Amino acid sequence: MRDSNHNIITYLTFSGNAEEAMNFYVSIFPDSKILELTRIGENDRGEKDKVLNGTFKLRDQLFMAMDVEKSYAPSFTWAISLCIMYTDEKEFDTTFEKLSSGGNVLMGPEPIYNLKKVAWITDKFSVTWQLVLE
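As numbered in this note's numbering, residues 1 to 134 make up the sequence shown, in order.
Hints listed in this document are in silico derivations from the structure and should not be mistaken for laboratory results.
In silico PhoX-like pairs for lysine-lysine, Cα to Cα no more than 25 angstroms straight-line:
1) K98 - K124
2) K33 - K48
3) K124 - K50
4) K90 - K124
5) K33 - K57
6) K70 - K50
7) K124 - K33
8) K48 - K124
9) K98 - K117
10) K57 - K98
11) K33 - K98
12) K48 - K70
13) K90 - K116
14) K116 - K98
15) K57 - K90
16) K124 - K70
17) K124 - K57
18) K33 - K90
19) K33 - K50
These figures come from a predicted structure and were not determined experimentally.
All chains should be built: construct the whole structure from the sequences, respecting the hints.
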């Protein structure tokens, strides 16, 4: 799963919809897949069959996800966002359309400075994304 002990992996904590979010994300990005999924068992803390630990790959970037009990689940905020740089406008537009469906567009897409398009989106799982077309 990991190439070395120097990787930085984004770890997303959900309150019951981690598997749905992982499936949503891998359906959007090419060359993406769920690599590992461990479920909460009968004797584990948390809701049985929810995600105890999941690993997925979007493009060449590893992500991890888990579900926690709703009373312990932290809220996602736009203070941290996942930023994707694009050179292909069609790919930018497709990603924007899919991530913004059911979510909230905070900005754009619009040109900013020397960039062709920039968009800032909070998706339907409350994860914030910045898309940049160079």
